[in-house]
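J.: Given these sequences and hints, build the entire structure.
For reference, the chains in residue letters:
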Amino acid sequence: MTKSIEKLKIAIIGSGNIGTDLLIKVLRSPYLKCGAFIGRNLASPGMLSANSLGVPVSAEGISYIINNPDCCELVFDATSAMSHLEHAPVLKGLDKRVIDLTPAKIGLMCVPSVNMNDSAVEFNVNMVTCGGQASIPVAYAIGKTQDDVDYIEVVSSISSRSAGPATRQNLDEYIKTTEDGLKEFSGAKRTKAILNLNPAEPCVDMQTTIYAKVKNPDIPNLKKMLQPLTKKIRKYVPGYEVILGPILENSRIIVMVRVRGLGDYLPAYAGNLDIINCAAIAMAEEYAHVTAKIKQEEG
Amino acid sequence: METNRKIIISDPTLRDGNHAVGHQLSSEKIALYCRAADNAGVPIVEVGHGNGLGASSLQLGEAKVSDQVALITARENLSKSKLGIHVIPGFATIERDLKPALDWGVDVIRVAAHCSEADICERHISFSRSQGVEVWGCLMMSHMLSPTLLLEQARKMESYGAEGIVFMDSAGHYLPDAVRHRVELLVDELSISVGFHAHNNLGLAIANSLAAAEAGASLLDGCARGFGAGAGNTQLEVLIAVLERLGYSTDIDLYKILDAADLAEQNIMKNMPTISSNSVVSGLSGVFSGFMKPVLRIATEFGVDPRDIYFELGKRNIVAGQEDIILEVAKDLTQHKGKRIK
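From first to last, the protein sequence lines are chains A and B.
Each residue of the first sequence is one higher than the one before, counting from 139 in our numbering.
Each residue of the second sequence is one higher than the one before, counting from 116 in our numbering.
Read the hints as simulated data drawn from the structure, not as lab findings.
Errors might be hidden in some of the hints.
[Claimed, not checked] Quick list of in silico lysine-lysine cross-link-like pairs, DSS-like style, CA-CA up to 25 Å:
{"no.": "1", "chain 1": "A", "residue 1": "Lys314", "chain 2": "A", "residue 2": "Lys373"}
{"no.": "2", "chain 1": "A", "residue 1": "Lys321", "chain 2": "A", "residue 2": "Lys243"}
{"no.": "3", "chain 1": "A", "residue 1": "Lys321", "chain 2": "B", "residue 2": "Lys214"}
{"no.": "4", "chain 1": "A", "residue 1": "Lys369", "chain 2": "B", "residue 2": "Lys446"}
{"no.": "5", "chain 1": "B", "residue 1": "Lys179", "chain 2": "A", "residue 2": "Lys327"}
{"no.": "6", "chain 1": "B", "residue 1": "Lys179", "chain 2": "A", "residue 2": "Lys353"}
{"no.": "7", "chain 1": "A", "residue 1": "Lys351", "chain 2": "B", "residue 2": "Lys408"}
{"no.": "8", "chain 1": "A", "residue 1": "Lys321", "chain 2": "B", "residue 2": "Lys371"}
{"no.": "9", "chain 1": "A", "residue 1": "Lys243", "chain 2": "A", "residue 2": "Lys353"}
{"no.": "10", "chain 1": "A", "residue 1": "Lys353", "chain 2": "A", "residue 2": "Lys431"}
{"no.": "11", "chain 1": "B", "residue 1": "Lys446", "chain 2": "A", "residue 2": "Lys361"}
{"no.": "12", "chain 1": "A", "residue 1": "Lys351", "chain 2": "B", "residue 2": "Lys179"}
{"no.": "13", "chain 1": "B", "residue 1": "Lys121", "chain 2": "B", "residue 2": "Lys214"}
{"no.": "14", "chain 1": "A", "residue 1": "Lys163", "chain 2": "A", "residue 2": "Lys373"}
{"no.": "15", "chain 1": "A", "residue 1": "Lys353", "chain 2": "A", "residue 2": "Lys327"}
{"no.": "16", "chain 1": "A", "residue 1": "Lys314", "chain 2": "B", "residue 2": "Lys179"}
{"no.": "17", "chain 1": "A", "residue 1": "Lys431", "chain 2": "A", "residue 2": "Lys230"}
{"no.": "18", "chain 1": "B", "residue 1": "Lys214", "chain 2": "A", "residue 2": "Lys314"}
{"no.": "19", "chain 1": "A", "residue 1": "Lys327", "chain 2": "B", "residue 2": "Lys271"}
{"no.": "20", "chain 1": "A", "residue 1": "Lys171", "chain 2": "A", "residue 2": "Lys433"}
{"no.": "21", "chain 1": "A", "residue 1": "Lys145", "chain 2": "A", "residue 2": "Lys351"}
{"no.": "22", "chain 1": "A", "residue 1": "Lys243", "chain 2": "B", "residue 2": "Lys214"}
{"no.": "23", "chain 1": "B", "residue 1": "Lys195", "chain 2": "A", "residue 2": "Lys351"}
{"no.": "24", "chain 1": "A", "residue 1": "Lys362", "chain 2": "A", "residue 2": "Lys282"}
{"no.": "25", "chain 1": "A", "residue 1": "Lys362", "chain 2": "B", "residue 2": "Lys214"}
{"no.": "26", "chain 1": "A", "residue 1": "Lys171", "chain 2": "A", "residue 2": "Lys145"}
{"no.": "27", "chain 1": "A", "residue 1": "Lys147", "chain 2": "A", "residue 2": "Lys373"}
{"no.": "28", "chain 1": "B", "residue 1": "Lys195", "chain 2": "B", "residue 2": "Lys371"}
No experiment lies behind these values; they were computed from the predicted model shown.
T.: What follows is the structure, encoded as structure tokens:
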């Protein structure tokens with residue numbers, strides 16, 4: 139990878155908490171620049187904040203990209219599953235790569251520490267869920283190191299304050315998408331996802347516990363695989379930490395991770411929002427490198 | 116006192132009681148108690164995993180029988196009584212759990228959330244209402260909120276379509292005056308029914324339930340012999356006897372509910388619920404009653420005092436569903452133990 143590549147121009151649709159936090163991360167990235175920050179209401183806190191950062195903003199929604207196709211090569215969709223179903227074909231027609239942060243799940247499920255290379259050749263990738271980003275790398279390691287993975291269960295606790303109205307209304311979609319992701323990446327026969335909102339003050343950090351039932355638990359091998367994997371995750375999510383395990387308790391494998399956020403637009407306890415955004419940025423930066431390489435080769 | 120006011124009784128012996136046996140109630144036991152409760156005229160019999168529909172898990176304990184087997188068995192053995200379920204969004208989903216449960220013949224759906232999180236229930240409540248069943252909203256661990264904040268959450272549930280609100284003393288922490296105050300406020304301010312669900316950690320389940328009735332509650336929960344999580348719930352047959360003496364009507368036959376309780380003691384309980392020393396600490400510290408078994412197991416494994424775990428969990432405001440934190444607290448306590456000695 140060359141040190142100074144041409145920055146990849148991206149656009150963000152959705153000016154809520156996720157979109158605004160993404161923007162701050164994009165502005166910090168040496169490989170990305172923001173060509174448009176798109177929402178519906180110029181007076182929303184996210185739009186005002188983008189405006190003050192000198193980023194081109196628009197309240198026209200997807201039409202802005204249709205009318206200004208040069209504003210970006212890649213689009214982060216931080217709207218809703220329903221909106222993404224409308225956006226996806228339009229963006230495909232415009233030849234834009236898409237990183238989907240909604241639970242629409244049109245594209246390949248993407249967890250950068252596990253399938254970055256496979257994701258890099260896709261035109262639309264889905265970032266699963268926050269709980270999925272925290273637990274799937276561990277589930278993947280369990281799938282790789284253990285025989286006969288019968289069951290994986292993931293319990294995430296997030297601070298009530300970090301769960302906005304969309305999260306609260308979409309608990310069922312969160313559960314379904316997380317369970318599908320766990321199954322796909324671990325090969326487990328059955329999976330279950332549980333989400334708890336914790337109202338405790340001061341706010342609790344995001345915490346996720348992974349339980350697994352396997353035939354002959356092999357903790358040393360799991361440890362060996364988990365260490366480098368955790369390191370890889372920490373490269374893009376610095377606040378990711380295994381706080382317990384892997385241990386065998388009551389004949390089940392347990393790993394507990396905690397995610398502290400970077401505290402960009404959202405407070406540090408909102409590790410759940412940070413981890414999915416960090417993963418999306420890591421993926422976009424990978425695209426930037428791939429695109430730069432192609433351009434270089436094309437001369 | 117001549118009240119003749121009617122109190123609806125909901126009996127979660129086969130749901131909350133499942134906590135007391137590590138969710139190991141068999142279909143035979145479910146069938147047996149359903150028949151006895153039905154025969155006694157219990158209006159609502161609640162059945163399922165201790166944490167309700169879809170909650171069988173490693174985190175909370177796996178149920179001996181699936182939701183499907185439990186509910187179909189109950190349905191077959193209830194003729195007059197309505198079949199109720201407890202549903203916590205975050206565990207149970209509409210597609211995976213609620214829709215099948217409706218097909219199995221559930222009549223009453225109680226959608227529950229931690230007391231400050233009513234809005235996670237919106238879709239589950241409005242979906243259940245649209246299916247034509249009876250829907251209650253339950254606010255768990257309600258002692259953690261002030262009465263006015265509790266009312267605010269209850270109002271949300273009312274706006275989603277709940278026909279009644281049950282506020283739950285999941286930790287067995289209330290004193291009677293606190294219950295009375297909350298019921299009065301909810302009855303005054305809501306246009307739907309108000310119910311109360313007690314735990315007996317401080318020996319006050321009957322007293323608190325009576326306080327709720329006197330203050331205007333129209334539904335009370337009670338379990339045979341108090342069979343339920345931790346120190347247990349309100350002892351149903353005692354509650355019926357006391358309500359009858361005070362002139363409330365419940366439509367339950369006293370002799371038959373006494374018989375049902377005897378039958379439950381002989382056939383479905385491994386141990387009778389008692390207020391153990393740990394239950395007292397659990398009630399004092401305001402920790403969810405369902406934590407009893409994992410706290411005791413993990414305290415033994417890590418060689419720490421379960422009372423220390425309880426007080427630490429209480430300090431951290433841990434809520435139901437966060438059983439994984441027990442491990443973390445126990446681990447912290449073992450590490451700090453060494454330091455304290457120095």
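J.: Work down the list of hints and note, for each, if the structure agrees.
T.: Taking the hints in turn, this is what the structure says about them:
no. : hint                  : verdict
1   : A:Lys314 <-> A:Lys373 : 28 Å, violated
2   : A:Lys321 <-> A:Lys243 : 15 Å, holds
3   : A:Lys321 <-> B:Lys214 : 23 Å, holds
4   : A:Lys369 <-> B:Lys446 : 24 Å, holds
5   : B:Lys179 <-> A:Lys327 : 19 Å, holds
6   : B:Lys179 <-> A:Lys353 : 20 Å, holds
7   : A:Lys351 <-> B:Lys408 : 21 Å, holds
8   : A:Lys321 <-> B:Lys371 : 49 Å, violated
9   : A:Lys243 <-> A:Lys353 : 31 Å, violated
10  : A:Lys353 <-> A:Lys431 : 45 Å, violated
11  : B:Lys446 <-> A:Lys361 : 19 Å, holds
12  : A:Lys351 <-> B:Lys179 : 17 Å, holds
13  : B:Lys121 <-> B:Lys214 : 32 Å, violated
14  : A:Lys163 <-> A:Lys373 : 14 Å, holds
15  : A:Lys353 <-> A:Lys327 : 12 Å, holds
16  : A:Lys314 <-> B:Lys179 : 24 Å, holds
17  : A:Lys431 <-> A:Lys230 : 22 Å, holds
18  : B:Lys214 <-> A:Lys314 : 15 Å, holds
19  : A:Lys327 <-> B:Lys271 : 39 Å, violated
20  : A:Lys171 <-> A:Lys433 : 17 Å, holds
21  : A:Lys145 <-> A:Lys351 : 45 Å, violated
22  : A:Lys243 <-> B:Lys214 : 23 Å, holds
23  : B:Lys195 <-> A:Lys351 : 41 Å, violated
24  : A:Lys362 <-> A:Lys282 : 11 Å, holds
25  : A:Lys362 <-> B:Lys214 : 43 Å, violated
26  : A:Lys171 <-> A:Lys145 : 6 Å, holds
27  : A:Lys147 <-> A:Lys373 : 22 Å, holds
28  : B:Lys195 <-> B:Lys371 : 14 Å, holds
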